[in-house]
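Taken in sequence, the protein lines are chains Z and V.
Per this note's numbering, the first sequence starts with residue 1, numbered consecutively.
Per this note's numbering, the second sequence starts with residue 1, numbered consecutively.
Think of the hints as simulated: they come from the structure by calculation, not from any bench.
These numbers come from a predicted model, not from an experiment.
It cannot be assumed that every hint is accurate.
[Claimed, not checked] Pulled a few chain Z residues facing chain V out of the computed Cβ check, cut under 7 Å:
hint, residue
1, Ser95
2, Leu96
3, Lys131
4, Ile134
5, Ser212
[Unchecked claim] What follows is a list of derived Cβ distance ranges for each label pair:
hint, chain 1, residue 1, chain 2, residue 2, range
6, V, Arg14, Z, His97, 49 to 55 Å
7, V, Pro132, Z, Val116, 52 to 58 Å
8, Z, Pro135, V, Met283, 26 to 32 Å
Where a beta carbon is used, it is the ideal one built from N, C-alpha and C, also for glycine.
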Amino acid sequence: MTLTISGLKVSIREAEILRGVDLTVSAGHVHGLAGESGSGKTVTGLAVLGLLPHGSRTAGTIDLAGRDLLAMPAKQLNAVRGAEIAMVFQDPATSLHPMVTVGVQLTEHMRHHIGVGRKEARERALGLLAKVRIPSPETAVDRYPHQFSGGMRQRIAIAVALACEPKVLIADEPTTALDVTVQAGILRLLRGLCDDLGLAVLLVTHDLGVMSAVADEVSVMKDGLVVETGPRGQVLTEPRHAYTRALLESLPGDDHKLPQEER
Amino acid sequence: MTLLTIDDLVVEHRTPGRPLVRAVAGASLTVAAGEVVGLVGESGCGKSTLARAVCGLHPAAAGTITVGGHPVTSLGLRSRHRALTGAQMVFQDPYASLNPRRRVGAQIADGLRTADDRTTAPEDLLERVGLPRDFAERFPHEFSGGQRQRIAIARALAARPSLLIGDEPISALDASAQAHVARLMRDLAVESGAGLLFISHDLSVVRLIADRIAVMYLGKIVETGPTAEVWADPKHPYTRALLGAIPIPDGRGVLPTELPGDVPDPADPPSGCRFHPRCPLVMDVCLDREPEFGPVACWLHKPA
C-alpha cells in the first residue's frame, strides 16, 4: 500500500506549520524525513494519523489506497488508524501505559480492530514479542513496562504498533532516546520488518546517520516545506539543495561546526 | 592543575530485600582546570552514580574523591563545606531541577549567595547563557526545554564553580537544542577556567566538546584518552563496539553493527573482565582475572 501526501498544508492556531508538503511512501520502503526541529516533520506524521491538535486547519490530500484520510469522517478514520496505519513514538517510557501489562497493551486494539478472541489475541501477542526479539515472550507478556530496559520497551512499542498488521508505520524519532548499541538493534529490526512484511515506513529523524543506515528515500524539510527528495545515496552524497548541504556540513566532523541556532 | 581526582571509587546501592548493587566498582578519573572530560557509556553503567558521588549526593563505599584538594563528604541535611560548593551540577531534566514556584531570577540568586557574590546580578548570568535579561522575572513553565536548561546552567555558574558537572544535561532536550547547550556548557566552563565533567550517552555530542574521553562499562572506566585519539583508534573492544554502532551518514545504507547481549546485572557482575561475555576477542585470561590497569583496561593492551 502506498501513502501519498500531496500539497499538505496545516495551520495550528494562527501559525502556518506545513506549507504544501508532497511525500510518497511505498510498500517495502523506508522513507526518511529529516530536518531540524520546528521544520514540520512531526506534524506531518501526526497529520497522517489525524492526531493534530484540536482546531487545526488542513488543506491538500493524504491518500491511502484511494481514500483521502484528511476528508474521512472521524469514525472511519478510527478504523484506519491503529489498524492500517500505526505509529511508534520517541519515548517508550511515556508511550506505553505504565500500569497495564504488556500483554493487555498488545491485545487491546487487536481485539477491537480485528475482533479476535482473548485466547487467540494472547497467542498473537506472543508471536509479536518473538518477532521483535523479546527474550522469553511467555513471561514478558505478563510484565509491566517498567520491568524492561529502554531498548526492550521500544521493541514492545513497535510490537504494539504491529499488532493489527498495519500497512504503514510512522516512526517518529524511534531511536533518539536510546543508547547507540541499542539503536543499532532497533534499526536492524525496523529494516527487517519493512523488508519481510512489506511495510511502508515513514521514519522521522534528525540523525542523518540513522537515515543513511535504513532509509531508501530521503526527504529534507525546512520551514514547513520539503526542500529536497531523492534516493538516499544521492541526497546524502550529492545534495542538490543548499539547506541539505548545510545540514550535512553541520555534522560533528573535523571542522567542529555546529547546526543552525535553535528557534 | 588537577581539580577533581577520583581514586578507586566504589559506590553501592542498597535496597532492602535486594542484592547489593555496586554501581561504581573501582573507578579512577581526573579532571584538570579548564579541561572538558566526556564520560560515556550505555545506560546503567554507573555514569550518573559517579557524578552524584562527586557532588556528595551518594556516599562513597570505598576510595576517595577530592575536589580542589578537599575530600568530598556526603551531603548533610543543612549545609556543606564551603570548599565543596566549587562543584556544581546541571541535572538531566530541567523540568524537574528548577523550582516551578519560584522566579528564575530568585533561583539564580541562590547560586550567587552561595558564592557570596554581591556584585553580579541574576540578569548578568542570563545574558551569559544567551537569554534576555527580563527573563529573570518569569517562572520556569514559561520556557522551552532548551531555555530551561540554559537557566539551570546559569544557576550552576552563579555559584562560581571550579568544577561543573553535567549529568546527561542534553538528553531531555530537543534534538536541535542538544549541540547548542553542550557547546554553551563547554564555552562557559572553559571561559571561567573551570573543569567540566560532561556525562552523556550521545557520543557524537561528546566528540564535539570533550578534550578527553572516558568510557565506562558496568561500574569501571575501561578506556581513557584524548578524544581525537580514542575516536581515530579505539583500543578497548567495548569502545570499538560503541563507536562501531554509530551510523555514518555516507548514504551507503550500511546498518550499524549490533553489540550482542545485554549489559549484565551489576548486582552479579561476570568474573574476570566485566566485558568478557560480550567481547568478540575474549581470551582465557579474561575469564578469571580482571584487568586493573589503564589507560585501556584490557588484557590485549596491558602496559609493558
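Now the hints, each set against the structure:
1. Ser95: violated, 16 Å
2. Leu96: For Leu96 of chain Z, the interface hint is violated, since the closest Cβ of chain V sits about 17 Å away, which is over 7 Å.
3. Lys131: violated, 17 Å
4. Ile134: Violated. Min distance 12 Å.
5. Ser212: This hint holds: Ser212 of chain Z lies near chain V, its Cβ roughly 4 Å from the closest one there, short of 7 Å.
6. V:Arg14 / Z:His97: 49 to 55 Å: Given range 49 to 55 Å: violated, Cβ gap about 31 Å.
7. V:Pro132 / Z:Val116: 52 to 58 Å: holds, 57 Å
8. Z:Pro135 / V:Met283: 26 to 32 Å: holds, 27 Å
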